[in-house]
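Heads up: the sequence shown begins at 4 in my numbering, then just goes up one per residue.
Incorrect hints may have been included.
Once the Cα atoms are required to be at most 30 Å apart in a straight line, the calculated BS3-like pairs of lysine-lysine come out as [to be verified]: (1) Lys153 / Lys136; (2) Lys54 / Lys74; (3) Lys136 / Lys74.
Label pairs and their calculated CB-CB ranges [what the hints assert, rightly or not]: (4) Pro155 / Asn42: 40 to 48 Å; (5) Leu156 / Gly86: 41 to 49 Å; (6) Leu95 / Ile134: 34 to 42 Å.
Please keep in mind that the hints were generated in silico from the structure rather than gathered at the bench.
The C-beta atom is built at its ideal place from N, Cα and C for all residues, glycine as well.
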Amino acid sequence: MKIDDQIPGSINKIRVIHFQATAVSRPALGSFPPTFFPNAIKEALSSIAPKGCPGVQTVLCGTSSNENAIKAAFMWYQAQKRGGARPRAEDLESCMRHEPPGTPNLSVLSFHGAFHGRSLTALSISHSKAIHKVDLPAFHWPVAQFPLYKYPLEKNVQYNAQQDQQCLAQVEELIKERKKANQDVAALIVEPIQGEGGDNHGSPAFFQGIRDITSKHGVVFIVDEVSSLKPLFYTLGIKNIHHSYCEQEIHRRQNERPV
4 MKIDDQIPGS
14 INKIRVIHFQ
24 ATAVSRPALG
34 SFPPTFFPNA
44 IKEALSSIAP
54 KGCPGVQTVL
64 CGTSSNENAI
74 KAAFMWYQAQ
84 KRGGARPRAE
94 DLESCMRHEP
104 PGTPNLSVLS
114 FHGAFHGRSL
124 TALSISHSKA
134 IHKVDLPAFH
144 WPVAQFPLYK
154 YPLEKNVQYN
164 AQQDQQCLAQ
174 VEELIKERKK
184 ANQDVAALIV
194 EPIQGEGGDN
204 HGSPAFFQGI
214 RDITSKHGVV
224 FIVDEVSSLK
234 PLFYTLGIKN
244 IHHSYCEQEI
254 HRRQNERPV
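Model the full assembly from the supplied sequences, consistent with the hints where possible.
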């Protein structure tokens with residue numbers, strides 16, 4: 004089909020009142036969402052969300068999603084330290100000077116080969132290509148090794164299991180080191196499949212290990228699934244991170260830590 008042949012159909016879609024209302028009001032910002040927006044989200048996104056995750060929030064892009072998740076993790080982490088209490092006057096006053104306790108010295112643990120976006124925070128947790136990061140300041144946050152498996156998997160079971168164990172040991176050691184250095188790891192972010200980093204896949208055992216470590220240390224576990232192509236995986240019948248273990252983990256741990 005020629006591009007010209009698709010234009011009339013696109014124009015007709017633009018004429019639909021729901022499209023116009025969505026385009027004008029920017030409901031992702033949450034300011035003036037159309038009345039039909041909640042049901043549209045429920046039908047389009049909530050219906051395919053992992054079981055046990057009823058909440059859906061739309062943002063501008065993948066980078067924005069990660070920024071939002073990290074900010075939410077920081078706020079949750081600090082709220083836990085305050086016993087669920089709201090920020091104190093001291094917190095509100097000191098944060099305006101970028102000083103503790105209002106501006107805490109927290110960190111996010113990421114992985115070599117990861118790519119989470121192009122904002123300054125996202126680039127601080129991205130480690131795939133130098134061209135993305137050169138000349139830009141970054142947070143000095145910990146970085147762990149992502150497993151690099153040998154294939155075919157069935158012929159390299161022992162080696163790949165060692166990769167998982169070594170990487171998980173490093174993750175826990177980094178969390179402990181930052182705790183001692185007074186720069187708590189508040190969140191860990193990982194891709195089920197590293198696309199930019201070279202098509203690197205993690206095993207169910209690796210991600211289950213991360214879940215156990217983060218739960219043990221009170222660290223928020225963030226999963227960035229942009230490169231997982233979840234709808235495509237469902238279509239092809241391929242199991243991704245949710246099919247591997249996450250749905251049962253969400254049910255088992257939903258009252259322990261946010262996923």
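Kindly indicate which numbered hints from before are broken by the structure, ordering the numbers from low to high.
-> none
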